[in-house]
Amino acid sequence: MAGETAKTGAVEDSPIRAIADARAFHALRERAYRLLARREYSCFELRRKLTPHDGHGQLDLLLDSLVSEDSLSDRRFADQLGRSRYRAGKGPRLLEQELRRHRLEEDIVQEVMSQYRESWRDLAAEVRQKRFGTAPPEDYRAWAKQARFLQQRGFTADEIGSYDEA
Numbered sequence: 001m002a003g004e005t006a007k008t009g010a011v012e013d014s015p016i017r018a019i020a021d022a023r024a025f026h027a028l029r030e031r032a033y034r035l036l037a038r039r040e041y042s043c044f045e046l047r048r049k050l051t052p053h054d055g056h057g058q059l060d061l062l063l064d065s066l067v068s069e070d071s072l073s074d075r076r077f078a079d080q081l082g083r084s085r086y087r088a089g090k091g092p093r094l095l096e097q098e099l100r101r102h103r104l105e106e107d108i109v110q111e112v113m114s115q116y117r118e119s120w121r122d123l124a125a126e127v128r129q130k131r132f133g134t135a136p137p138e139d140y141r142a143w144a145k146q147a148r149f150l151q152q153r154g155f156t157a158d159e160i161g162s163y164d165e166a
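Quick note: the sequence shown uses the working numbering, first residue 1, plus one each step.
Certain hints may be false.
Claimed, not checked - Straight-line alpha carbon distances no greater than 27 Å define the calculated DSSO-like cross-link-like pairs of lysine-lysine that follow:
#1 Lys-130 to Lys-49
#2 Lys-90 to Lys-49
#3 Lys-130 to Lys-90
#4 Lys-145 to Lys-130
Stated by the list, open to error - Here are the simulated distance ranges between beta carbons:
#5 Glu-165 to Pro-52: 49 to 55 Å
#6 Pro-15 to Phe-44: 34 to 40 Å
#7 Leu-61 to Arg-131: 24 to 30 Å
#8 Asp-107 to Pro-137: 36 to 42 Å
#9 His-56 to Arg-76: 48 to 54 Å
#10 Pro-137 to Arg-34: 44 to 50 Å
#11 Ser-162 to Glu-126: 54 to 60 Å
#12 Arg-34 to Ala-144: 46 to 52 Å
No lab work stands behind these hints: they were computed from the structure.
The beta carbon of each residue, even a glycine, is placed where N, CA and C say it ideally should be.
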């Protein structure tokens, strides 16, 4: 009877459990590295992708280690996302909305937004010109169509300008 207790007791299970936990952690880490090799991820996004594969509750430990070794960085992700959306002709409302969707800290969001603060109006003019040509809108209806297009791209009324300015 004493032998049975020893075989099923927690003492004998702990080395096996430790090995299983180590293997699970290693597999989770490898999965994270494969994802990060393709592109940058926010902590929130990587957590969401890895949660279904975290059977041993080690995801927080993994994310902390990735952040400490600088393999995972919300700031780097936000900078990359900002550059990507700016080059794609997306406006500040769209960019800010996307940064917040990734649950980035407020100071990171504000830092990325401030990098482009002076150039949103120029980008709106560039996007408008690429889509509608260099000629100014012929009438109010044409201007309204262009303004709607720019609003859908995330530009504000200040960046779009008024009909008189077009």
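(request) Determine which of the earlier numbered hints do not hold for this structure and return their numbers in increasing order. (result) Numbers 1, 7, 9, 11 - these are the hints that the structure violates, sorted from lowest upward.
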